[in-house]
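Start from the sequences, fold in the hints, and give me the full structure.
Chains as they are written, first to last, in this note's numbering: chain H, -19 to 326; chain C, -19 to 326; chain P, -19 to 326; chain A, -19 to 326.
Be careful, since some hints might not be right.
Identical chains share a label here; the pair holds if one copy fits it or two copies do between them.
As the list claims (entries may be wrong) - Below 30 Å or equal to it, Euclidean Cα-Cα: the simulated DSSO-like pairs (lysine-lysine) are:
{"hint": "1", "residue 1": "LYS245", "residue 2": "LYS84"}
{"hint": "2", "residue 1": "LYS279", "residue 2": "LYS84"}
{"hint": "3", "residue 1": "LYS94", "residue 2": "LYS166"}
{"hint": "4", "residue 1": "LYS94", "residue 2": "LYS279"}
{"hint": "5", "residue 1": "LYS166", "residue 2": "LYS(-17)"}
{"hint": "6", "residue 1": "LYS277", "residue 2": "LYS96"}
{"hint": "7", "residue 1": "LYS279", "residue 2": "LYS117"}
{"hint": "8", "residue 1": "LYS231", "residue 2": "LYS277"}
{"hint": "9", "residue 1": "LYS277", "residue 2": "LYS84"}
{"hint": "10", "residue 1": "LYS47", "residue 2": "LYS117"}
{"hint": "11", "residue 1": "LYS279", "residue 2": "LYS231"}
{"hint": "12", "residue 1": "LYS166", "residue 2": "LYS84"}
{"hint": "13", "residue 1": "LYS277", "residue 2": "LYS166"}
{"hint": "14", "residue 1": "LYS94", "residue 2": "LYS277"}
{"hint": "15", "residue 1": "LYS279", "residue 2": "LYS96"}
Source of the hints: derived by calculation from the structure; they are not laboratory data.
Given next are the chains, with one letter for each unit.
Number of protein chains: 4
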Amino acid sequence: MIKAGIVGGTGYTGIELLRLLAQHPQVELTAITSRQETGRAVCDLYPSLRGRVSLAFTHPDKAPLAKCDVVFFATPNGVAMGEARTLLDAGARVIDISADFRIKDIAEWERWYKVKHAAPELVAQAVYGLCEVNREKIRGARLVANPGCYPTAVQLGLLPLVEADAVDLDHLIADAKSGVSGAGRKLEQNLMYSESADNFSAYGVGGHRHWPEIRQGLALAAGREVGLVFVPHLTPMIRGIHATLYGRIVKEMDFQELYEKRYAKEPFVDVMPAGSHPDTRSTRAANVCRIAVHRPKEKAGRGDTLAVLSVIDNLMKGASGQAVQNMNLMFGLAETMGLDQVAVVP
Amino acid sequence: MIKAGIVGGTGYTGIELLRLLAQHPQVELTAITSRQETGRAVCDLYPSLRGRVSLAFTHPDKAPLAKCDVVFFATPNGVAMGEARTLLDAGARVIDISADFRIKDIAEWERWYKVKHAAPELVAQAVYGLCEVNREKIRGARLVANPGCYPTAVQLGLLPLVEADAVDLDHLIADAKSGVSGAGRKLEQNLMYSESADNFSAYGVGGHRHWPEIRQGLALAAGREVGLVFVPHLTPMIRGIHATLYGRIVKEMDFQELYEKRYAKEPFVDVMPAGSHPDTRSTRAANVCRIAVHRPKEKAGRGDTLAVLSVIDNLMKGASGQAVQNMNLMFGLAETMGLDQVAVVP
Amino acid sequence: MIKAGIVGGTGYTGIELLRLLAQHPQVELTAITSRQETGRAVCDLYPSLRGRVSLAFTHPDKAPLAKCDVVFFATPNGVAMGEARTLLDAGARVIDISADFRIKDIAEWERWYKVKHAAPELVAQAVYGLCEVNREKIRGARLVANPGCYPTAVQLGLLPLVEADAVDLDHLIADAKSGVSGAGRKLEQNLMYSESADNFSAYGVGGHRHWPEIRQGLALAAGREVGLVFVPHLTPMIRGIHATLYGRIVKEMDFQELYEKRYAKEPFVDVMPAGSHPDTRSTRAANVCRIAVHRPKEKAGRGDTLAVLSVIDNLMKGASGQAVQNMNLMFGLAETMGLDQVAVVP
Amino acid sequence: MIKAGIVGGTGYTGIELLRLLAQHPQVELTAITSRQETGRAVCDLYPSLRGRVSLAFTHPDKAPLAKCDVVFFATPNGVAMGEARTLLDAGARVIDISADFRIKDIAEWERWYKVKHAAPELVAQAVYGLCEVNREKIRGARLVANPGCYPTAVQLGLLPLVEADAVDLDHLIADAKSGVSGAGRKLEQNLMYSESADNFSAYGVGGHRHWPEIRQGLALAAGREVGLVFVPHLTPMIRGIHATLYGRIVKEMDFQELYEKRYAKEPFVDVMPAGSHPDTRSTRAANVCRIAVHRPKEKAGRGDTLAVLSVIDNLMKGASGQAVQNMNLMFGLAETMGLDQVAVVP
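Below, the structure written as structure tokens:
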């Protein structure tokens, strides 16, 4: 059994991890920390876990994290970079669900996250945990930077086109829509029910932290810098991301086939039949990304622009599900172990 | 007092018309028809109108529509084209909220609406009721084709750029999100609460009837054919459309100023300050279109693509509100009369 | 024109007041205060008011409130009791939408609100602003305690039975369900979208501040103490209260007729036909309470228990709409002036 | 492996069964029928099952149901009573999720379901599948009548009180709130998104089919007839039932202890700590009923009325989850097998 610890388990990625790890056949949940909730039973905060998780929250300073085989950081940005070194030195592996180790360019990271990075040397060492790109590196990694939710949906949706150099890489567009849980369990006015229900808006058009992360991933796939317009929107639903991705075709090919081949062996990427419109609920509570490729009309005749639809559950394939997938790879388990939840519909 | 009749008053545009006309100081609601609900009191079907609308539904064959000064068609597509001639001959003016008279190219209309057009000669005569474009023609019109909901949001959002020839007109993109009421009061599986709540998806990427309508309007503004990718999405909210519009810049200018000047005198178009993210609720139950102009980053440095955000209430500026606005123009009333509802927030 | 001021205008009752007063033909909005938002344009915080409200928030210490004819307190509990005296002395009338002056028993109030009352003498002077009970007193009042949202729905639903001594007054039950805006614009975890959407629960079964307020009103109507079980629930909608009220019959009569007679002349109480199930949306954004009276089966034969359904919009008849109704009475205006909004459906 | 068939698999209880059976370690999904969808792949109708269910819908006349070990009826009422006999004779066991075999009094059943019962002799033979009451009988049953959703929540919430004769059994009250999926996947106007979102109402106060079912169960537990007022409400959420249950105390005891003892060994009934307010989401997609017992104030001093809060997921413990629980019992499997899903929160 793998001994697992969770730092900062009170947020949504934390409770989702708990849901998954409580059902994982090879994991023993060993510690979960929270400063605010120290001493409180986890299932007191989250009654959905009554009878399933018997742990109580431990103060970070007293938690036996160093004895864990793996520690997940489900913390706000800026925590993992200060604590990962100690755990790594103690022999634990670390999977950071926050953004601390995702961006290789330290200056760029500091521009977006507005603090000085505490562990630049770990950034270099960290493996970006997008399994469909870095599977082999992840197997050997001690420190994995789990991708962001938007970056997962957008990269999986665009990678086949970028790798094939099939569209104009200077002018990609990602029009992305997220459920409210994507913002975390923060007390912010626009995340209140009475503000975000029955309402829809864009936000962060002037700049969003996931933009450099996506561009980094696509640039690596392209072997060159890429241009990307990224417009995120807040949608009145709890979970789910729908990324609508646009690229101007520069090389003709069978795009449906391109996607099917690229993801033929991927257990958690589902290329849907041509003409499909995947809905976010088909991924609800499941670790899967569903993709459909369209070539809509622009004028009479065939259009020049592709529209790719990519949907995930932001807390699963976009966060905690992918984190468990990474753990499975790191510990030599079947990649799908503990991740066989069927999406909850309706 | 203007005597107003409504054909097909049981749908959402019908009840919204009733809400507006019941409060309009210069309108006397004279008749409302419904085959299915003949004889039933309107406020029995819609208790929200108790004490405000005392009419009962009349059978279409018996309604005194010919005596009305104006008749609104709040019917499914295909009804108005069969009945408008008689009413026009009797001296009534007609405002069709359905799509029968919107597209000038009859063959194109028939391709999208799958039936033979019953009154092509009226199509030629009809004025497209987008007040911000055709105000003067509407004043003199006897037959107005009220624009569709998506076409209103998308055209108002793109017109300044198209008129100024400022972006690449061959490759416009309209990524549009609509609340569920936009589909009407139809019994369709995907419009059921348990299907569309907590869910998000695109639909009709292979072709949507509003696409030719939008292209027709933009082409008129451009003086040439335009290319447009149009991807509509269904959002879990009742009312509201959010159109996110993308155009590649071909001519530099102050885009914020362009929009502010274009709409400076428009009572129902609100150009928001630079950097704004209009939300759909800021238009809920109000006859207004709010627009914000952004120039997001693509790479380091300034981007080449504009992102325009345009929001309306699909039942108001996208349907019945605009219909009343058209009526006001046609009858020489103040354009804003009866349309001073403040958006309902929260 | 009545000069109106609002203290604490950033919450939901504040913005609802602004929506109403901006459309009221006899009101001139003179001042609105907020400590946090001092200097900011109201329509910057609430874009739905762009073009309709040109005021900016003023610091409470600098606002010309004393020159107003009427000042509304849309503040958290505990503010009005400290500031009302000065305004009253300056000649303004005061309508307090918070709870400071609702409960006549000061000790009881202090038990529930956990602070010492700052102005007990004003409590004695204040008129409880349930127009359907205290209309004449309100006309002459200088200080009105606007009823709470639950108390409005529950009292209007039970008053005819209580006044007629028709049910067991020792064991009334009010099972009430509220939309999330009823809790105000507070940053609390359970009011976040991701917590309250797609979810339903009771709260405060151990004790809720509206319980003594309701019991006080019913006791006055009964001329004796009453027993009431009050169980509030949080429902995933923005606006609306649905109170389901149960009473054991002790005196037989025609209950439908009882209600129709009681409210025959009330402009804002709508007794629906027997067998109706009023839905909250039929009151959305409108100042109305709709009521239906049922006598459900318990066993074979006729039941002994009445079930009364009472619905309001918590921000309208349950708060700001009723406040305007009170203002109209206090200033000798038509009671319905500025309150003719038709409910927004769908 | 148990060969399982599903009749009528296109509704919500059908897809929920598929979700559960696809993950059940001892079940082989053998056939699923649908007249309308004959020949269509299940995962084409429900993309959430892509990669998990490879069956196609079979026409009922051609499905190998007689070869199944167990057949679930996830059909509208009135189907199972016509088809169960043949399957039982062929040796299959039958679990009917519809209402055909729930009510022992045939005349009563026919009054509520408006058709003549086709198999009264099977009603006598059928075991009512509320495991917490009939566990031993279910083990030996060949035909199980799976309880309705409201009846499950209400009976589990009231049984301890009824069995202990602790409250006035002539005047029980069940104020129940259901998510929209409880009405099934039917095309009805009031179940459309634009009708039921942001809205709340009671329905069926004049009579609901679950009322006789609940009364039958409680009467059996009481050993005498009981009186029950049952008021169901429609809540804007997809899944979940919250029953708020009221009973007048006639015998004093430690009610918290009563409940804890009654359900001490039940794997799927969770008696929460005193003072709790269970929310429906804590049961979302999980086979569990959570209960809290309250004694709210009525006047000063201790109240005489109990308020019991009982929540379930209507598609799980209220339908398909309980059906699998019944199957486990009937086939001698661990009662919890395949039912260890953790509730999905948020």
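We went through each hint and held it up to the structure:
For the homomeric pair LYS245 and LYS84, the shortest alpha-carbon distance inside one copy (28 Å) is at most 30 Å, but the shortest distance between copies (50 Å) is not. Taking the closest pair of Cα atoms, LYS279 and LYS84 come within 30 Å of each other only across two copies (17 Å); inside a single copy the shortest separation is 42 Å, beyond that limit. With identical chains, the CA atoms of LYS94 and LYS166 are at most 30 Å apart both within one copy (19 Å) and between copies (28 Å). Within a single copy, LYS94 and LYS279 get their C-alpha atoms only as close as 45 Å, which misses the 30 Å cut-off; across copies the closest is 19 Å, which meets it.
Proximity of LYS166 to LYS(-17) under the C-alpha cut-off of 30 Å is restricted to the intra-copy arrangement: shortest distance 29 Å within a copy versus 40 Å between copies. In this homomeric assembly, LYS277 and LYS96 come within 30 Å of each other (Cα to Cα) only across copies, at 23 Å, whereas the closest approach inside a single copy is 47 Å. In the homo-oligomer, the alpha carbons of LYS279 and LYS117 lie at most 30 Å apart only across protomers (28 Å), although the nearest pairing inside one protomer, at 45 Å, exceeds that limit. Proximity of LYS231 and LYS277 under a CA criterion of 30 Å is satisfied in both settings, with 17 Å inside one chain copy and 25 Å between copies.
With identical chains, the CA atoms of LYS277 and LYS84 are at most 30 Å apart between copies only, with a shortest distance of 20 Å across copies and 39 Å within one. In this assembly of identical chains, the alpha carbons of LYS47 and LYS117 lie at most 30 Å apart only when taken from the same copy (24 Å versus 49 Å across copies). In the homo-oligomer, the alpha carbons of LYS279 and LYS231 lie at most 30 Å apart both inside one protomer (19 Å) and across protomers (22 Å), since each shortest distance falls under that limit. In the homo-oligomer, the alpha carbons of LYS166 and LYS84 lie at most 30 Å apart inside one protomer (27 Å), although the nearest pairing across protomers, at 39 Å, exceeds that limit.
In the homo-oligomer, the alpha carbons of LYS277 and LYS166 lie at most 30 Å apart only across protomers (27 Å), although the nearest pairing inside one protomer, at 41 Å, exceeds that limit. When the C-alpha separation of LYS94 and LYS277 is checked against a cutoff of 30 Å, the pair qualifies only between copies, where the shortest distance is 18 Å, while the shortest distance within a copy is 43 Å. Taking the closest pair of Cα atoms, LYS279 and LYS96 come within 30 Å of each other only across two copies (23 Å); inside a single copy the shortest separation is 50 Å, beyond that limit.
In terms of the numbered hints stated before, the structure departs from none.
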